[in-house]
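Protein chains: 2
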Amino acid sequence: MPDILHRVGINAKAAKVYQALVTIGGLRHWWTIETKGITQKGGVIDFGFCRMKVREAKPGKWVHWECVQGPVEWQGTEVTFRLVPKQGQTFILFKHAGWKVPVEFMHHCSTKWAVFLLSLRDWVERGEGRPAPYDLKIHLGN
Amino acid sequence: MPDILHRVGINAKAAKVYQALVTIGGLRHWWTIETKGITQKGGVIDFGFCRMKVREAKPGKWVHWECVQGPVEWQGTEVTFRLVPKQGQTFILFKHAGWKVPVEFMHHCSTKWAVFLLSLRDWVERGEGRPAPYDLKIHLGN
Chain F
23 MPDILHRVGI
33 NAKAAKVYQA
43 LVTIGGLRHW
53 WTIETKGITQ
63 KGGVIDFGFC
73 RMKVREAKPG
83 KWVHWECVQG
93 PVEWQGTEVT
103 FRLVPKQGQT
113 FILFKHAGWK
123 VPVEFMHHCS
133 TKWAVFLLSL
143 RDWVERGEGR
153 PAPYDLKIHL
163 GN
Chain X
23 MPDILHRVGI
33 NAKAAKVYQA
43 LVTIGGLRHW
53 WTIETKGITQ
63 KGGVIDFGFC
73 RMKVREAKPG
83 KWVHWECVQG
93 PVEWQGTEVT
103 FRLVPKQGQT
113 FILFKHAGWK
123 VPVEFMHHCS
133 TKWAVFLLSL
143 RDWVERGEGR
153 PAPYDLKIHL
163 GN
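Protein chains in written order, with the numbering used here: chain F, 23 to 164; chain X, 23 to 164.
Among the hints, erroneous ones may be present.
A pair holds if it fits inside one copy or across any two, identical chains being indistinguishable in the list.
Said to hold, decoys possible - As a list, the in silico BS3-like pairs of lysine-lysine whose alpha-carbon atoms are at most 25 Å apart:
id : residue 1 : residue 2
1  : 108       : 58
2  : 159       : 117
3  : 122       : 80
4  : 63        : 159
5  : 58        : 122
6  : 159       : 83
Don't read these hints as lab results, they were simulated from the structure.
This one's a predicted model, so the numbers in the text were calculated from it and none came from an experiment.
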């Protein structure tokens, strides 16, 4: 099954990047301002348009979610953020796995994840995230 | 084999988007300023760090390249830009196919393609592309 893969490097310690992934306050500043819920392992985070169950959250190392509600193509898919400190920064190796078919919506989501990961970078480095609905648009009428 | 997929919508006619993909002047304004070579079917375009053979170029519809020289992970891979007019804009459905394994460099290139497709969008819509080496950086030391 095809996966969405991305990588960005963030000029911050892994512990700081991790906080942006495992706190409601962090997630609200780079993905969607509507975020609420429980970010600890076993909890469910509500992002408005989807809900993610937290499968794993290992401090400074990785975060692993499973989509338990949302767009039909997302249901049962898994999102992983792996943090890798090297070259004086923290790289995020991102994977959104479990897509059944490479539909047009998957193309859209791939580009959109890149935009949000750069929003995450800008939030952690400069306090300037662009969470939805203030996110960079990638087509008209978005 | 895993593919890199993306989609962006551009506020322009397909014919105009197509010109940005099949002319040296266009390619130089959104991907890399070093571009030279032959952009017609059968030609080879030299982007400096890689060379792409033009396998297909159907006006207003699609462009299909094969990497004939470049980073080892790119050799033999294929890049397709499919243009789809709908909802008052031209969508580009992008695919970089033929990766043998989802190495960390593939994660990097996926995010980088998103950045360059948005550079293409900004070039076509507003004359404001960001080709390498003026491209948006996605990690330190890039």
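Hint check:
Taking CA atoms no more than 25 Å apart as the test, residue 108 paired with residue 58 passes in neither setting, with 32 Å inside one copy and 35 Å between copies. Taking CA atoms no more than 25 Å apart as the test, residue 159 paired with residue 117 passes in both settings, with 21 Å inside one copy and 20 Å between copies. In this assembly of identical chains, the alpha carbons of residue 122 and residue 80 never lie at most 25 Å apart, being 28 Å within a copy and 30 Å across copies at closest. Proximity of residue 63 to residue 159 under the C-alpha cut-off of 25 Å is found in neither arrangement, the shortest distances being 32 Å within a copy and 33 Å between copies.
Taking the closest pair of Cα atoms, residue 58 and residue 122 never come within 25 Å of each other, the shortest separation being 28 Å inside a single copy and 39 Å across copies. Only between protomers do residue 159 and residue 83 lie at most 25 Å apart by alpha-carbon distance; the minimum there is 23 Å, versus 30 Å within a single protomer.
The structure fails to meet hints 1, 3, 4, 5 from the earlier list, while all remaining hints are met.
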